[in-house]
Amino acid sequence: MTLEELYRLLRTGHIQTQGIVDTLHEPLIVIDKAFTVCNANPAFYRTFGTDPDGTIGHSLFDLGNGQWDIPELRTLLSDVVPKASAIVGYQVNHDFPGLGRRSMCVTARQLAIPGNNSTQMLVVFEDVTDRQKAEARKDILIAETRHRMKNLIATVKVIARQTQVAGVTGAEYRDRFLGRVDALLIAQDFISANGSNADLAALVEQCLSPVAGTRTDLVASPAVSLSENQVLPLSMVLHELAVNALKYGALAGDGVIRVAWSTELDEARERLVLQWQEVGGPPVTPPTHTGFGTRLIDYSIKAEGGSAIFHHDPSGLRVAITLPLQQ
Amino acid sequence: MASSSIESTPFEVLIVEDEYLIGMELAQILEDSGYRVIGPIATVSAAVERIERHAPNACILDVNLRGEISAPVADCLKARHVPFFLSSGYKQETINQEPAFDGVANIGKPAKPEQLVSALQALLKA
Chain A
1 MTLEELYRLL RTGHIQTQGI VDTLHEPLIV IDKAFTVCNA NPAFYRTFGT DPDGTIGHSL
61 FDLGNGQWDI PELRTLLSDV VPKASAIVGY QVNHDFPGLG RRSMCVTARQ LAIPGNNSTQ
121 MLVVFEDVTD RQKAEARKDI LIAETRHRMK NLIATVKVIA RQTQVAGVTG AEYRDRFLGR
181 VDALLIAQDF ISANGSNADL AALVEQCLSP VAGTRTDLVA SPAVSLSENQ VLPLSMVLHE
241 LAVNALKYGA LAGDGVIRVA WSTELDEARE RLVLQWQEVG GPPVTPPTHT GFGTRLIDYS
301 IKAEGGSAIF HHDPSGLRVA ITLPLQQ
Chain B
328 MASSSIESTP FEVLIVEDEY LIGMELAQIL EDSGYRVIGP IATVSAAVER IERHAPNACI
388 LDVNLRGEIS APVADCLKAR HVPFFLSSGY KQETINQEPA FDGVANIGKP AKPEQLVSAL
448 QALLKA
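Quick mapping for you: the protein sequence lines, in order, are chains A and B.
Read left to right, the first sequence gives residues 1 to 327 (the working numbering).
Read left to right, the second sequence gives residues 328 to 453 (the working numbering).
No wet-lab data here; the hints were simulated from the structure.
Just so you know, these numbers come straight off a predicted model, no measurement behind them.
Be a bit skeptical, because a hint or two may be false.
What the hints assert, rightly or not - Cross-link-like lysine-lysine pairs, in silico, BS3-like; alpha carbons within 30 Å at most:
(1) B:405 - A:150
(2) B:418 - A:157
(3) A:157 - A:33
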């Protein structure tokens with residue numbers, strides 16, 4: 001190999017290595033054991049808005065407005081070369097000029113040079129501000145999900161406790177309980193699919209079909225959008241009415257459930273007026289006791305500021321439900 | 328269960344709870360025991376407004392109300408010396424992070440009815 005060839009070989013290697021360092025997005029610098037900057041890559045100048053003149057030959061602790069002059073970081077760095085140790089992910093929170101408040105992770109290692117016990121360190125800066133924000137958001141989301149799970153289980157326990165046990169078989173209890181849990185899940189799914197834009201017609205259809213199948217007559221009615229908080233109460237009410245119809249009302253015979261609604265103004269506030277009517281079933285007799293189902297209907301509607309009025313017409317149960325709508 | 332004094336002038340207990348079925352059961356348990364139930368109220372602002380307008384004798388407070396921590400409600404209750412306890416599924420260390428809940432017991436969620444009633448009796452006697 002001629003000297004010329006050796007020179008080319010070394011030069012190619014050097015250019016390639018420099019290219020890698022220059023391409024890296026992470027700001028990095030090389031400092032000696034007195035913390036003087038020997039080298040920096042373009043990402044460093046770009047990130048901290050500085051240039052070679054203001055960086056090379058200066059102490060790391062004098063850079064910028066002295067943002068790295070932290071006693072703890074100084075102590076850690078002074079150990080890197082003599083103890084061949086490393087600093088991994090030391091976090092510095094600082095208001096960087098032109099960058100704003102950022103969290104930087106500092107990693108420092110003795111520079112690896114084969115066969116040479118280097119006295120220089122490679123210091124890499126990683127901006128973890130966005131990652132930390134994303135992680136914080138994820139933590140909040142996880143905590144929120146856990147909270148919802150617990151509330152959901154607590155709600156299921158309420159349903160288990162409140163579903164009638166006296167005078168029913170185990171199988172009847174199970175079916176009744178699972179029916180209510182299903183109604184709860186339908187409401188949950190509906191909320192996650194539709195958010196705060198819950199269409200009443202779709203909700204009525206989804207709540208009634210598991211119990212009533214096709215034996216519903218949904219009269220064409222104006223489009224009504226429910227608030228997220230109204231979905232669960234109304235789902236439970238519709239479920240209870242449908243189960244009741246199956247046990248004692250129109251669905252116990254050959255009848256159908258007819259549902260229609262309109263909106264009206266009540267003291268300048270729009271409210272929903274929903275008519276539940278059972279037709280073609282066996283003669284109706286008013287119930288002799290009020291169970292959880294009746295209480296649930298009454299409570300749910302009143303809690304939302306509405307009313308549920310039952311008319312036990314011999315020809316079929318009629319229920320008039322009113323519910324204030326979100327402005 | 329209810330003493331004669333409760334029957335003559337029922338204690339007013341405010342329920343602050345955003346899960347409506349849980350609130351419904353709480354209300355029923357308390358009513359069955361002779362208390363007068365206010366609520367359930369589901370939001371921080373509505374609860375604070377209600378307490379400021381007329382303080383109840385006691386309160387059962389959920390910690391997370393539609394994504395909002397109920398600390399302002401706790402502060403409001405403390406300022407008016409209204410005894411209360413928490414009804415929350417949160418772990419104690421999570422609750423402890425909020426100074427407004429210092430010294431406030433959590434009966435858990437859902438609490439057993441008899442636990443709820445005895446905790447409330449103890450609260451009103453104290």
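Consistency of the hints with the structure:
{"no.": "1", "hint": "B:405 - A:150", "in the structure": "27 Å, holds"}
{"no.": "2", "hint": "B:418 - A:157", "in the structure": "19 Å, holds"}
{"no.": "3", "hint": "A:157 - A:33", "in the structure": "65 Å, violated"}
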